[in-house]
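Protein chains: 2
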Amino acid sequence: MTENLDANVHSEIGPAERESLLGQKGCVVWLTGLSGSGKSTLAVGLERALFERGKLAFILDGDKVRQGLCKGLGFSDGDRDENIRRVSEVARLVADSGVICITAFISPFRAARERAGRIIGKDRFLEVHVAADLATCEKRDVKGLYTKARNGEISEFTGITSPYEPPENPALTIDTTSKTVVESIEELIELLRAERKIAV
Amino acid sequence: MTENLDANVHSEIGPAERESLLGQKGCVVWLTGLSGSGKSTLAVGLERALFERGKLAFILDGDKVRQGLCKGLGFSDGDRDENIRRVSEVARLVADSGVICITAFISPFRAARERAGRIIGKDRFLEVHVAADLATCEKRDVKGLYTKARNGEISEFTGITSPYEPPENPALTIDTTSKTVVESIEELIELLRAERKIAV
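So the protein lines, in turn, are chains A and B. Take 1 as the starting number for the first sequence in the working numbering and just add one per residue. Take 1 as the starting number for the second sequence in the working numbering and just add one per residue.
Simulated from the structure, these hints should not be mistaken for lab results.
Pairs count within a copy or across copies, as identical chains cannot be separated in the list.
In the EDC-like style, the derived pairs of lysine to aspartate or glutamate whose C-alpha atoms are separated by at most 16 Å in a straight line are:
id : residue 1 : residue 2
1  : LYS25     : ASP123
2  : LYS71     : ASP81
3  : LYS143    : GLU153
4  : LYS71     : GLU82
5  : LYS122    : GLU195
Excised from the complex, chain A in its bound form (with noise of 0.2 Å):
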């Protein structure tokens, strides 16, 4: 380029920048919970009350990272664990754009929790637990996984024969057995309100 260089290298646009454009500062809701708690439900009616708020947010579960960025990875705990490592990442930079990151994974070790916190910032990092006993979620057993988990078609199934360590102080705590989802998303978006990552 025929001008000085430095002299035209603005700075990236920041977090105050994108606060001010968006009216909402970029942070990641990262639900944790057995499967059937009700994260991905959660998930996409946070989504849906933010949209109806005037507000950008985007999920980040299995469907999205199993296929694309995380192909290639297995379930073993090795893999599992880097599949969480860089869905944190990702959440990382999805949260520095200035968009609402929420996240639907079942996430059930506190170790691999407590990185994503340190890798997204302490601050923007909202650790929800989408609470329901194993029964209850057993019960509803959306997608068939508890019998073959009992079948023993799926080793190491979180509840089963896998621990599930739940959050030791987790930004939020949802019964979804007592709450109905309507309740459940009203507590999410107070949440926000309370952490200040949106105003309305």
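Based on these hints, arrange chain B on the given structure of chain A.
For chain B alone, kept in the frame of chain A given last:
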């Protein structure tokens, strides 16, 4: 949850709804060119020009992914290829969220860029050749990398000891040896208008 789950599963927010919220279409401006050709300068300038028009963009570059998402990958042919594959997948997700993603990677190989186009989707993938001849880039040598490559301190350096395969049908070619930064950015904005990703 106490009500019928199926009745409450709304679909996710799709491209049309995102466009109505943001006034833009999510897409990827894929800058490719030699080290020193001006990719980073144009990425930062384009992001700011879009912001000034009320548009939301996000830059993906080596700094953003090498320490995070692609940590553990080195600079072998295979690792470089996996690096660009992951960048393609993340760029796709960023575009899915409604944001204009700007990537700034040398990405010297045609096959890897063609794969990026397939992953992102042809109508959302805008390949831009940031073209400056090797002599000019080497003369600029902003990071001192060409000197190191000539001294054999860096192996397989694009343009010196490893090939650069220019795009055959880029959406745009910008000759940064003759164009100013301001002119180059105006061409990128015009491309986004012509491709109907933005209207202003």
